[in-house]
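Please take these sequences and the hints and turn them into a complete structure.
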Amino acid sequence: MLIRFVGNRGDLSCCASQRRAPERGSVTRSIFETSTNRIGLQQANSNLMRQFLSLCIVISVAAWSGCSPQNGGAYPSKTVTVICPWAPGGGTDRLSRIFADLLRDQYGSQGSPFVVQNRTGGSGAVGHSAGALAAPDGYTITMITSELNTMHWMGITDLTCRDFQPVIQINADAGAIMVGKDSPLKTINDYLDYVRKNPGKTTLTGTATGGAWDLARAGMLLAAGLPVDAVRWIPSKGAAPSIVELLGGHVDAICCSVPEVAPQLESGELRALAVMADERLAEFPDIPTCKESGINWSAVGWRGLAVPKNTPPEIVKSLEEKALAIAESERFKQFMKKNGFAIAIRKTAEFTTFLDEQDEQWKTVVEAAGYAK
Amino acid sequence: MADLFQLQILIPWFLCMLLGIFVGATPGLTATMAVALIVPISFYMPPNAGLAMIIGVSFTAIFAGDIPATYLRIPGTPASAAATLDGHEMSKQGKGGLALTLDIYCSSLGGLIGVGLLMILAPQLAAFALRFSHFEYFWLALLGLCMSAVVSQGALVRGLLAAALGILFSTIGLGVVSGTQRFTFGQIDLMDGLGLIPVMIGLFGLSEVLRNVVQRKNLSQAALPSGATLSHKIAWIEIWRKKWTVIKSSVVGTVIGALPGAGADIAAWGAYGLAQKTSSEGRSFGKGAIEGVIAPTSANNAAVAGAWIPALVFGIPGDAVTAIVLGALIMYDIKPGPSLFQENRAQVNSIFQIALLTQLFLIPCGLLGIKAFGLILRLRRGVIMTGVTIFSVVGAYTIRNSMFDVYVMFAFGLIGFYLETQKVPLAPLILGLILGPVLEENFRTGLIKSEGSFSPFMTRPICLVLWITLVIALASPVLYSFWRKRVSHGST
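Protein chains in written order, with this note's numbering: chain E, 1 to 373; chain C, 374 to 865.
Quick caveat, the hints were computed from the structure, so don't treat them as lab data.
Even glycine gets a Cβ: it sits at the ideal position worked out from N, Cα and C.
Only true hints are included.
Each pair of labels, with its calculated beta carbon distance range:
1. C:Thr771 - E:Asp356: 36 to 44 Å
2. E:Ala368 - C:Thr832: 32 to 40 Å
3. C:Ser854 - E:Leu226: 55 to 63 Å
4. E:Arg162 - C:Asn774: 22 to 30 Å
Under the rule of at most 20 Å between Cα atoms (straight-line distance), these lysine to aspartate or glutamate pairs were calculated in the DMTMM-like manner:
5. E:Lys291 - E:Glu279
6. C:Lys660 - C:Glu611
7. C:Lys708 - E:Glu283
8. E:Lys181 - E:Asp286
9. E:Lys181 - E:Glu266
10. C:Lys708 - E:Glu266
11. E:Lys333 - C:Asp706
12. E:Lys338 - C:Glu716
13. C:Lys708 - E:Glu269
14. E:Lys347 - E:Asp359
15. E:Lys201 - C:Glu824
16. E:Lys237 - C:Asp562
17. E:Lys373 - C:Asp565
18. E:Lys291 - E:Asp278
19. E:Lys317 - E:Glu350
20. E:Lys338 - E:Glu328
21. C:Lys822 - E:Asp229
Printed below as a string of structure tokens:
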């Protein structure tokens with residue numbers, strides 16, 4: 001009943017607004033409009049109340065009428081759930097929501113909604129497990145994230161990337177080492193030399209113990225030929241409190257992903273010594289990579305879509321095609337640019353190999369860092 | 374400011390404030406959820422309308438949490454837990470209407486003071502917040518925990534027991550510091566620990582239902598026989614008499630709200646404790662003291678304003694709501710952070726204006742909410758309790774879309790019911806649950822930072838002030854009674 005109810009809302013509200021508003025801006029459709037679209041939409045504001053009322057009527061009519069004939073065969077014929085393993089408002093959530101909305105547009109002819117469901121908990125394990133264990137019918141998609149490659153090595157869950165059928169990688173944000181603007185350290189090699197001369201004296205923060213960026217710094221130290229405890233890791237709840245610690249001068253440096261510190265980097269409050277990427281970032285071309293400084297190390301936090309294993313190949317193929325079309329769209333590119341997220345597209349086959357490679361890379365680091373279970 | 378008085382801004386603004394009343398008064402629905410729902414819709418509107426919706430919903434929700442806390446002893450949001458003490462006590466004495474009238478005006482005043490401080494002192498307060506590190510947060514948490522003695526309502530040993538239980542429950546989950554699992558028994562649902570909201574709904578909501586079922590005689594009567602008579606004149610006389618409590622609590626609330634490691638819930642408790650310690654009527658706290666109502670409600674709204682300080686000055690969220698707002702600001706092409714005040718002064722000013730006006734609009738919306746809630750409470754108690762049960766289940770589920778949280782809620786409903794039959798107060802348990810992790814994480818992280826040395830905990834300037842305050846707060850009752858004995862000895 002609930003599924004049909006939502007499904008109808010999608011169908012009918014779209015028709016209702018098409019009749020009235022030339023820009024096809026139904027309330028559901030316009031979730032996450034970018035500012036370019038907004039200018040046009042401002043004219044529609046006076047229509048908003050009328051649209052809202054008509055939506056209310058449509059919802060109640062849809063609720064009363066109950067069932068609509070199901071489109072037999074064609075995917076998707078009912079509501080598709082997009083599981084986001086992280087909390088509302090965060091980067092993964094924002095990406096899930098825009099992608100769900102764009103997927104709905106891509107499958108426009110059927111008009112089935114793609115609804116984001118936040119299943120948080122267990123450092124991402126809850127949402128990932130729910131996504132992997134769902135029925136393999138294509139009606140549950142998961143926005144999988146890089147924790148999938150690390151958490152099973154640490155004994156948090158038995159779930160691995162092999163429990164999923166990857167569809168497409170969307171984004172990869174490189175980690176970076178940041179210091180305050182007044183720090184005497186100018187390059188990543190300055191930093192590592194300092195660490196080498198003062199083992200265990202410098203402090204670094206960014207995530208919880210065993211979190212993504214704790215592992216990334218451990219990998220970097222190993223690649224530089226230093227022991228993992230050469231730097232003292234100060235556990236924290238995430239990038240925001242870590243930035244406060246660095247701005248307040250309570251730690252020497254932080255390690256987290258670049259978009260998380262973009263406002264502070266742009267204002268000059270913080271300075272990035274190096275990014276853990278294979279190539280320099282388009283948004284911040286002045287920051288050197290670890291590799292060009294002689295440290296063979298890269299660490300990215302990636303996000304991508306996956307469906308449960310054994311999902312019919314034609315559905316995987318269809319989702320891959322639609323997602324590739326989205327990746328080319330202006331609205332998607334604008335969204336990524338504004339949020340500072342780097343676009344990194346890998347098709348199904350490449351994404352599958354990438355996941356396996358990442359799994360191996362993190363296995364080594366987790367073991368060397370002493371977190372393996 | 375005139376550009377804010379347009380129908381296309383005012384209508385969504387008021388609608389969102391009414392939504393805030395509903396969300397805040399319903400345990401399990403949070404301001405964070407409401408903001409997450411509004412943000413996508415707000416992109417459809419001019420930036421000021423979107424900001425008005427978000428700011429409107431977050432301030433009203435924090436106020437509205439006090440309504441069920443006062444009438445039914447069920448806090449609508451974690452920031453209203455303190456209102457279950459004196460607010461509910463006043464309600465039991467038939468003065469619920471006065472308590473809520475005080476609530477609405479003090480929330481508005483607290484918000485005004487908070488926003489005022491945000492406007493005038495944001496850069497300075499932000500710089501002050503930067504001086505807080507793990508060492509300072511440790512003492513702050515310890516000071517907060519000492520309040521469990523204040524909120525024990527006379528039963529000191531039982532209160533401390535409840536606080537200890539709360540701390541014990543708070544250790545469940547994946548430790549941020551150690552990275553190891555504690556008391557999870559391999560359950561991934563327990564990995565992030567017990568959710569504060571399901572626990573609170575169980576402890577206060579469901580246990581209240583159980584209590585009512587046991588005392589069966591009440592069920593056929595109206596839940597609120599006297600109705601909600603709002604006494605504006607008395608309320609203003611009381612507020613004028615306690616004006617310093619309002620100001621003190623609002624300032625404390627703003628400062629605590631500005632700390633990235635603490636929010637409106639801790640602010641409310643902090644103000645309650647401060648008011649009790651500095652009041653001439655400290656002994657009447659927990660028995661329906663007016664200041665016990667005024668202090669937390671002023672502080673929690675001020676804290677919502679305070680959370681905007683690090684968000685606007687550094688681009689770092691002060692709480693979950695501002696975290697979502699920061700994401701929205703980016704979509705509006707507003708880059709929060711150090712340059713915002715210079716480059717986007719006009720936008721900052723309109724945020725301030727919206728926040729100020731929201732405090733004024735809060736009064737009619739809040740009064741409407743109180744009236745509506747009062748009408749609902751004319752229903753038979755049995756009907757109300759059935760509703761509370763339904764909302765408890767739905768609320769616990771919606772937080773994470775998780776059935777597990779519903780079981781947690783039921784378990785804590787039974788625990789809360791049992792503890793109350795043993796006369797163990799529940800407020801210290803919530804305090805332990807909120808502050809336990811703050812205390813432990815900051816203590817252990819501090820020790821990692823200082824390489825095992827305790828001296829930064831004692832010698833850093835703010836730490837010094839905090840621990841001396843703590844010693845004075847703990848020693849003052851002992852010294853006071855000692856001094857009184859000597860005086861009475863001397864006179865005889």
